[in-house]
Amino acid sequence: MLRKTLIAVAILAGAAQPLLAAETASDPKADFKAFRDYFTNRFPKVALDDFVNGPYSMDEGLRKQWKAIDEFPPYDFVVDKGKQMFATPFKNGKTYGDCFANKGIGVRQDYPKFDAKTGQVITLDVALNQCREANGEKPFDYSKDDMAALTAYMAFTSRGKPMNIAIPNDPRALAAYTKGKEYFYTRRGQLNFSCASCHVQNPGNHIRTEVLAPALGIMNAMPIYRSTWGGMGTVSRRLQSCNSQVGGVPLPGESEEYRDVEYYLSYMANGLPISGPGTRP
Amino acid sequence: MRTRTMIRLAVILSAFGFAGTAFAASADDFKAAYAKAEAAEKGAAAVKNRWTATEATLKKAKAAADAGKFDDAVTLAQHAEALANASTAQAKEQEKLWPDAVVR
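Line by line, the protein sequences are chains A and B.
Those letters in the first sequence? Residues 157 to 437, by this note's numbering.
Those letters in the second sequence? Residues 4 to 107, by this note's numbering.
Source of the hints: derived by calculation from the structure; they are not laboratory data.
Keep in mind that a hint or two might mislead.
[Stated by the list, open to error] The calculated lysine-lysine pairs, modelled on DSSO-like cross-linking and capped at a C-alpha distance of 30 Å, are:
#1 B:Lys51 to A:Lys185
#2 B:Lys99 to A:Lys300
#3 A:Lys300 to A:Lys239
#4 A:Lys273 to B:Lys62
#5 A:Lys335 to B:Lys65
#6 A:Lys300 to B:Lys62
#7 A:Lys335 to B:Lys51
#8 A:Lys269 to B:Lys62
#9 B:Lys45 to A:Lys185
#10 A:Lys189 to B:Lys99
#11 B:Lys99 to A:Lys269
#12 A:Lys237 to A:Lys223
#13 B:Lys45 to A:Lys335
#14 A:Lys335 to B:Lys72
#15 A:Lys294 to B:Lys51
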């Protein structure tokens, strides 16, 4: 009798597995629609393409300040530096352009990409360092300075182009996307905040003096010049900063979790125009 | 009656600091408490959910021990251990809870 009961429990537990798995399994297309509907229904007055402007799409006063600042954009010098770096050959005579489609011009909207060879998500920042290393150069730090300059220039050449992130028919790609989604919705740090706590549940609201940006299109403005930083920062720098703000120890730049969450958020922004490099308070 | 007398004696001893003296922490006490805190923080690192407060409290505990303040050092190490355990518990809990927050 006991044996029969145990077998029955085991069968029931086995049958329950697919149900549990289904709860966390991802359907990117369904996620995309739900995400898009959430923001457009919550902010019906905000034009879809305007979400990429982050807090400026949420607050009229802030928007006026931004328009004034953008008459002389603080990232201009960095874009110029990035352009020069991009065109300067490596010691072996090759350039960054040799590592990318269309010589690297107007391709930012296609990143991050899933790399079938490694089974990993490759962001633009990682692709740039891979390019450097393949050509005998040392990789750059992932948070600011040279990396921010290069990505700022590449984003500038893609301005207005719609985000175009593909999730190929590969279970590893879907797993990376799902991990990114998990990272985005997972609470962490002593303050017990997730990315979504601020950027899904509270966009437009103030946290201290800052207006929180919507998650929709948040990657389209990267990299960004932040007044708080007094300089440019990459996606990694922004994520590290978010981690610290909620009392969590940040992960290394371009760690798998950061690349996956960028993959997830960029897919959510498909079709929205690249607006980077951006300016933020 | 005897119990009451004992309690009174304990209260008087505490008031004069005798109880505190009796339980003063040593360097070994600190080492043991710090090792436990570090092990707990390793657990938090394994689930990639360390808290800045834990790291800061561990540093403070070490500084207190270096200054010979072992009572403070032990208290801080125990606090760090509790923070590390809380961060690990948060990560474990979130493994199950995060899907509830997904926009649908």
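Next on the checklist: Just to be careful, I want the Cα atoms of Lys269 (chain A) and Lys62 (chain B) compared with a cutoff of 30 Å; is the pair within it?
Outcome noted: With Cα atoms ~40 Å apart, Lys269 (chain A) and Lys62 (chain B) exceed 30 Å; violated.
Checklist entry - Taking 30 Å as the top limit, are the C-alpha atoms of Lys335 (chain A) and Lys72 (chain B) close enough? => result violated (45 Å)
Checklist entry - Is the Cα-Cα distance between Lys294 (chain A) and Lys51 (chain B) 30 Å or less? => result holds (28 Å)
Next on the checklist: Next pair to validate is Lys99 (chain B) with Lys269 (chain A); report whether the Cα-Cα distance is within 30 Å.
Outcome noted: Status holds; Cα separation ~28 Å.
Checklist entry - Under the criterion that the straight-line Cα-Cα distance not exceed 30 Å, is the pair Lys51 (chain B), Lys185 (chain A) satisfied? => result Holds, because 29 Å separates the two Cα atoms, which is no more than 30 Å.
Next on the checklist: Would the hint linking Lys189 (chain A) and Lys99 (chain B) be met if the CA-CA limit is 30 Å?
Outcome noted: holds (24 Å)
Item to check | Restraint status (C-alpha distance of Lys300 (chain A) to Lys239 (chain A) at most 30 Å) | outcome: Holds, at about 16 Å.
Checklist entry - Is the Cα-Cα distance between Lys45 (chain B) and Lys335 (chain A) 30 Å or less? => result holds (22 Å)
Item to check | Distance restraint between Lys300 (chain A) and Lys62 (chain B), which requires alpha-carbon spacing of 30 Å or less | outcome: Roughly 28 Å between the alpha carbons, so the hint for Lys300 (chain A) and Lys62 (chain B) holds.
Next on the checklist: Lys335 (chain A) and Lys65 (chain B) were given as a pair; does the straight-line alpha-carbon distance stay at or below 30 Å?
Outcome noted: Since the Cα atoms of Lys335 (chain A) and Lys65 (chain B) sit roughly 36 Å apart, the hinted pair is violated (cutoff 30 Å).
Item to check | Satisfaction of hint between Lys185 (chain A) and Lys45 (chain B), Cα-Cα up to 30 Å | outcome: The given pair, whose Cα atoms are some 38 Å apart, is violated under the 30 Å limit.
Item to check | Restraint status (C-alpha distance of Lys99 (chain B) to Lys300 (chain A) at most 30 Å) | outcome: At roughly 35 Å apart (the allowed maximum being 30 Å), Lys300 (chain A) and Lys99 (chain B) break the hint.
The structure is inconsistent with the numbered hints 2, 4, 5, 8, 9, 14, although it conforms to all the rest.
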